[in-house]
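S.K.: Read off the chains here:
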Amino acid sequence: MSSKSKINLNDRHYDHMLLALLPLIICACIIYSYRVLLICGTAFVTARIVDVAMAVLRKQEIDTVDKSSTVAALTFCMMLPVSIPLYVVVMTVALTILVGKHVFGGKDVYPFNLAALAMCTAAVNWPNEVFRAVKPFTPVNFWTGAAQTAVSGATRIKNGGLPYISIVDLLLGNHAGAMGTSFVVIIGVVGLFLILNKKITWHVPVTFLVTCAVIALAFPRIYGISRVDSLKFELLTSAIVFYAVFMLNEPATTPKNPKAKIIFGLLCGVLTMLFRYYGSFEIGGCFALLLINATEGYWDRLFDKKAPHHNEEAVVRQPAEKTPVHAEKKAEPETEKAESKKVYKAVESDKHAKAKQSKTSVGATISMISRAEDNLDQVEFSTLSIDVGEALKAFEEKYNKEDR
Amino acid sequence: MDKKEIIRDELLNWDNTVRKRKVTLSNPVFIKGLALAPMAVAATNLENSIILCIAVALMLTPTRIITSLITRKMSVPLKTFYYPLVSAIVFGVTYYLMYRILGTTAFSLGVYLPVLVVDPLIVKNFEKTRKESFTYSVINGLRNTLGFVVACLLLGSIRELLALGTVGGIKLMKVSLLPMAQHSFGGFLIIGIISAVWKMCINLYHDKLEREVAAHE
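Going line by line, the protein sequences match chains A and B. Counting from 1, position 98 in the first sequence corresponds to residue 98 in this note's numbering; the numbering is continuous, with no gaps. Counting from 1, position 150 in the second sequence corresponds to residue 150 in this note's numbering; the numbering is continuous, with no gaps.
The shape of chain B in the complex, shown without the other chains (with noise of 0.2 Å):
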């Protein structure tokens, strides 16, 4: 398969393209919009956001995966509670890992590790109908869990450099150009810029396909 039938497969199948790559073009928090809460309050720095990570990387897949296992033959109205009670079960596990792994810097983000039990990031999948397998449970967790990393990871080193002028404890500038970025509504506001620009950059990789298989054709 040959670059040129790759891009028309790709814009063929742009949805699809589009669900695969959580990464980039369905990314959970910038342009699905998940997990705002704890992103626009807790990860205002690269410290935070680290903690952040850990803890949506141990609870997010298996919870997707026990879920997947165990609500094969429920209807929706049931899962909705046996969801949040599969994460919260996770999160005492996960809770328990971290304060292993991290000491008390664990508990630094207050009420925003707990709330992430009924975030949804974690509990979404309650609302499908469509029964998963365990790869494809598997498969998307990790990405989805990759997606949020990278978004949780560079919101926490911008409102560190707009605020602080500094990227994990780096001195990187003199002055800080945006103090209110430490603050929640300087999160929700960065985030609403890095999402109108991430979505601008999608917009223009879709475009820059069409016009290399315009040019091949």
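Same shape as in the complex, but just chain A (with noise of 0.2 Å):
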């Protein structure tokens, strides 16, 4: 089994995408322990032992260049708290890449966000352990995860109370919460970085921020503080910030035309919000995510007009309109000048026409030549006639004096 394989644009972005969360990683490692190295080995290992596992079952080259199952299990790291148990990283880390990759094909061709279905996987299963923020700066059991725990502001905001968290400890991630999602000034750093050097685009992300920050302003979910302090807590103390970044612009599920991503962005936008006002979780977007990347090929499909689908649609609806009943009976009552001004148009052009053939140019040769060697084919194809019964003996003739 060799082990070569193709890099891709995927693998390049994957790549870039791996680079840009070293900078959580360390800042996790700085704010809470290095347990945090731990469960990231750890998931990444988990994953590739089940990538190599599936190759081997599936009787496949192993693939050395593909990274989107790393990026999947060091996000989804990055979404949990530090004090979560090692068993639940490998179950859901070894569910997800069976289960979200490897069923429906592969590399590539995955439909949902793998990380985003780990994470709602590991919700639905231990609720209690994934949404257990701990306290930064506090002692944390290496191999245990045991931990001060507190609560963290977006289950303070779901339970209907208020964040007593400042706005510098809301940007450096300064409060309780997931690992890696909380550290808003750099996340935001990161996803500038990205968007300027063109490694991811500014469509998805933006327009799911800023729909997510017209809805919290729109309908503010905190009672007792102004609109914008509400909109602050909504953005800040919730991993909206993580998800456009890191969630929201991976290649396999994500669209391809920038229209389908500016509605893809606003749908994700809109349903997070809803998840998040009417769900029973925190992580509102990873079920969003998970919703929207059903769609995601038809929004595709809906605005790129190379798609093939796309033209032969055209090439059906065209005649269809241009001929419709009214303009039948529209061109009833013409006169007969506007007839003859019809005809001697059509000779004028056809005038046109034949003097742009007669010019000397490479491509009205070629053009001609071609036009000559297709009325060459019709004229054969039409004079040519074969007679069945003649050919027969022919061929029969032919074959016996082989034979002998």
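Simulated from the structure, these hints should not be mistaken for laboratory data. Model, not experiment: these values are computed from the prediction. Some clues are possibly wrong.
Claimed, not checked - Some chain B residues judged to face chain A by a derived CB distance under 8 Å, without partners named:
1) Ile-170
2) Leu-172
3) Val-175
4) Leu-177
5) Leu-178
6) Pro-179
Unchecked claim - The calculated SDA-like cross-link candidates involving lysine to any residue, where the alpha carbons are at most 20 Å apart (straight line), are:
7) Lys-199/B - Leu-98/A
8) Lys-208/B - Gly-33/B
9) Lys-199/B - Phe-303/A
10) Lys-208/B - Ser-26/B
11) Lys-135/A - Val-103/A
12) Lys-199/B - Val-99/A
13) Lys-59/A - Ile-202/B
14) Lys-199/B - Ala-53/A
15) Lys-199/B - Gln-60/A
16) Lys-174/B - Thr-144/A
17) Lys-199/B - Gly-105/A
18) Lys-128/B - Val-138/B
19) Lys-59/A - Ile-193/B
20) Lys-135/A - Tyr-34/A
21) Lys-199/B - Lys-4/B
22) Lys-259/A - Lys-232/A
23) Lys-59/A - Lys-174/B
24) Lys-174/B - Val-90/A
25) Lys-199/B - Lys-135/A
26) Lys-135/A - Ile-25/A
27) Lys-199/B - Arg-58/A
28) Lys-32/B - Leu-154/B
29) Lys-171/B - Pro-258/A
30) Lys-59/A - Tyr-205/B
31) Lys-174/B - Glu-129/A
32) Lys-59/A - Val-138/B
33) Lys-4/B - Asp-15/B
34) Lys-174/B - Gly-105/A
35) Lys-59/A - Cys-201/B
36) Lys-20/B - Ala-37/B
37) Lys-199/B - Met-54/A
38) Lys-199/B - Tyr-87/A
39) Lys-32/B - Cys-201/B
40) Lys-124/B - Gly-33/B
Idealized CB from N, CA, C, for every residue including glycine.
Please dock the two separately framed chains into a single complex, following the hints provided.
M.R.: Right, here's the structure in full:
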């Protein structure tokens, strides 16, 4: 089994995403503990083992350049608290890579965002472990993950309370929450870097964030404070900025067309806020993304004019649109003068066309030759008459001679 | 008949071998995909699995025998009505017997016990045009029942172990590895994974037979 594989654009994207995740992992190590590395390492090893095992079982090449599973595993880890038990990480990553990726065909063809799928799986299975936030700068047991827990800002908002966290702490991630989703400044800088270097496009993240902001501003959940403050807490206590940068730009599960991307971001934003407002879990973005992932291909087909089915539709629709019943009715009362004008125009245009053809440009020559060839073919086909009986006789004679 | 000849015979008549071995090679649940709804929803632990097994054991073979005896000269459209009717009558008797044996525990599966009346596992044979002899229907019914019982007990044990860390109420693990195994979607997921592994084992067995025959020759 060879280990060589082709590197495509998606692989380069995953390389950049891995680099982008690095600052978050370092920050998480500083704020929480080195257990972050243990969790990330466990997720990485599990993802690779499942990938290799599936390649062996399906008798395929082991893809050494495929980093989609690694990126998904690490992105998923960033959404977990540092106190998460390791078996949760192992089971979730293994199940997600197996069912979410390989069941659907593997690299580049899976329909649902793997990190979002993993987070939803973990949240449904182990809600107590997944939503148990850890206080920053407190000791955490390296192996068991036992730590001083606290109520996260997102949970407080969900329960109808007000998170008393200063804006500086909100921006720097110095509050109880997941490992890597609360460092808003760093995530923002990383996102800007990726957009400016054209590693990701602005369409999905910007549309998503603007939609979330508009909904949070228009329908504030937190009472007793101004709308702007409510917006601040809505966007900065949850993982919305993290979703915008790291999860909504995965090439396998995001539309390719810019207009489709805008619709995708918009719908994701609306659904995320709906899930946050009315859902049972705080990770509304993950559920929203999984739901919108199912429509990803549709938006691309809708806006991509180069898509073959689009042209077929256009070809079929055009004559129907151009020859409606009204047009035929209008054509009836035309006078003879108008008809003669039409004939005159047609003759003139024919003359122009012939004049153009006579020009000795290379293109014209080639087109003339090809046209002549077509005509010849037509002539041959129209005049050629094959007597099947005679042909069979000739074949039999030839066959008998060869046999003798 | 020595071992070599048995293996060769198995390979040459592979379709026949598969048809005969209802427990392993053509398991009604993991290979044929029958009775998926009650398995995914009701067989969440070993106790529920045993109740389901008793119900199927009491229903499957009698239904098959009665229908094979009565519907011999019937056309397929008529059989379509007749099979569920017979199965419903048999279920009535089964329900009474289960109540006598298990008490109210028999009703813990809710609607997923009566739904067996129209499950393909019980009424699949109506589409067959071939006439079944009494002996054939008894043997095949028992084989199918055994295949279902093995699959159901295995699935119930695995789901209970993954979700609660116990098997039949006996604690085997401290943590629950996959709590969603208790839910229907987890059940479908686990059935899918077991089916894949089951099929892989069958393929490996087939390859092994081929290798053995090749080695002998």
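S.K.: Hint by hint, say whether it matches the structure.
M.R.: Hints and how they fare:
Because the closest C-beta pair between Ile-170/B and chain A is about 20 Å apart, greater than 8 Å, the hint is violated. Interface restraint check: Leu-172/B against chain A, minimum CB-CB distance 15 Å, threshold 8 Å, status violated. Taking 8 Å as the C-beta contact cut-off toward chain A, the hint placing Val-175/B at the interface holds, the least distance being around 6 Å. Taking 8 Å as the C-beta contact cut-off toward chain A, the hint placing Leu-177/B at the interface holds, the least distance being around 6 Å.
A hinted interface residue such as Leu-178/B counts as satisfied when its beta carbon comes closer than 8 Å to some beta carbon of chain A; here the least separation is about 6 Å, so the hint holds. Annotation: Pro-179/B was flagged as interfacial toward chain A, and the flag holds, the nearest CB pair being 5 Å apart, inside 8 Å. Proximity of Lys-199/B to Leu-98/A is assessed by CA-CA distance (about 17 Å); at most 20 Å being required, the pair is judged to hold. A distance of roughly 25 Å separates the Cα atoms of Lys-208/B and Gly-33/B; the hinted pair therefore is violated under the 20 Å criterion.
Only pairs whose Cα atoms come within 20 Å are accepted, and Lys-199/B paired with Phe-303/A is rejected, the gap being roughly 42 Å. Distance check on the hinted pair: Lys-208/B and Ser-26/B sit about 18 Å apart at the alpha-carbon level, within 20 Å; holds. At roughly 38 Å between alpha-carbon atoms, Lys-135/A and Val-103/A are farther apart than 20 Å, so this suggested pair is violated. Of the supplied pair hints, the one linking Lys-199/B and Val-99/A holds, its CA atoms being roughly 17 Å apart against a limit of 20 Å.
The suggested pairing of Lys-59/A with Ile-202/B holds, with an alpha-carbon distance near 17 Å, which does not exceed 20 Å. Between Lys-199/B and Ala-53/A the CA atoms are separated by roughly 17 Å; this keeps the pair inside 20 Å, and the hint holds. Using a Cα cut-off of 20 Å, the hinted pair Lys-199/B and Gln-60/A holds, with the two alpha carbons roughly 18 Å apart. A distance of roughly 14 Å separates the Cα atoms of Lys-174/B and Thr-144/A; the hinted pair therefore holds under the 20 Å criterion.
Of the pairs offered as hints, the one joining Lys-199/B and Gly-105/A holds, with about 18 Å between alpha carbons and a cut-off of 20 Å not exceeded. As the CA atoms of Lys-128/B and Val-138/B are separated by approximately 16 Å, the hinted pair is consistent with the 20 Å bound. Annotation: proposed proximity of Lys-59/A to Ile-193/B holds, straight-line Cα distance about 18 Å (limit 20 Å). Pair hint Lys-135/A plus Tyr-34/A holds up; C-alpha atoms about 15 Å apart against a cutoff of 20 Å.
Straight-line distance between C-alpha atoms of Lys-199/B and Lys-4/B comes to about 24 Å, which puts the hinted pair past the 20 Å bound. Note on Lys-259/A and Lys-232/A: the hinted pairing is violated, with a Cα-Cα distance of about 28 Å set against a maximum of 20 Å. Restraint check for Lys-59/A and Lys-174/B: not satisfied, since their Cα atoms lie roughly 36 Å apart, outside the 20 Å limit. Taking the CA atoms of Lys-174/B and Val-90/A, the gap is about 16 Å. The hint holds against a cut of 20 Å.
The hinted pair formed by Lys-199/B and Lys-135/A fails the criterion: a straight-line CA distance of about 48 Å is larger than 20 Å. With a C-alpha separation of about 17 Å, the suggested pair Lys-135/A and Ile-25/A falls inside the 20 Å cut-off, and the hint holds. As the CA atoms of Lys-199/B and Arg-58/A are separated by approximately 13 Å, the hinted pair is consistent with the 20 Å bound. Distance restraint check for Lys-32/B and Leu-154/B: the Cα-Cα separation of roughly 16 Å lies within the 20 Å cut-off, and the hinted pair is therefore satisfied.
Using a Cα cut-off of 20 Å, the hinted pair Lys-171/B and Pro-258/A is violated, with the two alpha carbons roughly 55 Å apart. For the proposed pair Lys-59/A and Tyr-205/B, the alpha carbon gap of about 17 Å is at most 20 Å, so the pair holds. Only pairs whose Cα atoms come within 20 Å are accepted, and Lys-174/B paired with Glu-129/A is accepted, the gap being roughly 15 Å. Proposed proximity of Lys-59/A and Val-138/B is contradicted: the alpha carbons are some 41 Å apart, above 20 Å.
Distance hint between Lys-4/B and Asp-15/B is fulfilled; the C-alpha atoms sit about 19 Å from each other, no more than 20 Å. For the given pair, Lys-174/B sits about 35 Å from Gly-105/A by alpha-carbon distance, which is inconsistent with the 20 Å threshold. About 15 Å separates the Cα atoms of Lys-59/A and Cys-201/B, which keeps this hinted pair within 20 Å; it holds. A hinted pair counts as satisfied when its Cα atoms are at most 20 Å apart, and Lys-20/B with Ala-37/B does not qualify at roughly 25 Å.
For a cut-off of 20 Å, the pair hint linking Lys-199/B to Met-54/A stands: about 15 Å separates their Cα positions. Taking the CA atoms of Lys-199/B and Tyr-87/A, the gap is near 28 Å; set against the 20 Å cutoff, the hint is violated. A hinted pair counts as satisfied when its Cα atoms are at most 20 Å apart, and Lys-32/B with Cys-201/B qualifies at roughly 15 Å. Between Lys-124/B and Gly-33/B, the direct Cα distance comes to roughly 12 Å. Compliance with the 20 Å bound is thereby established for this hinted pair.
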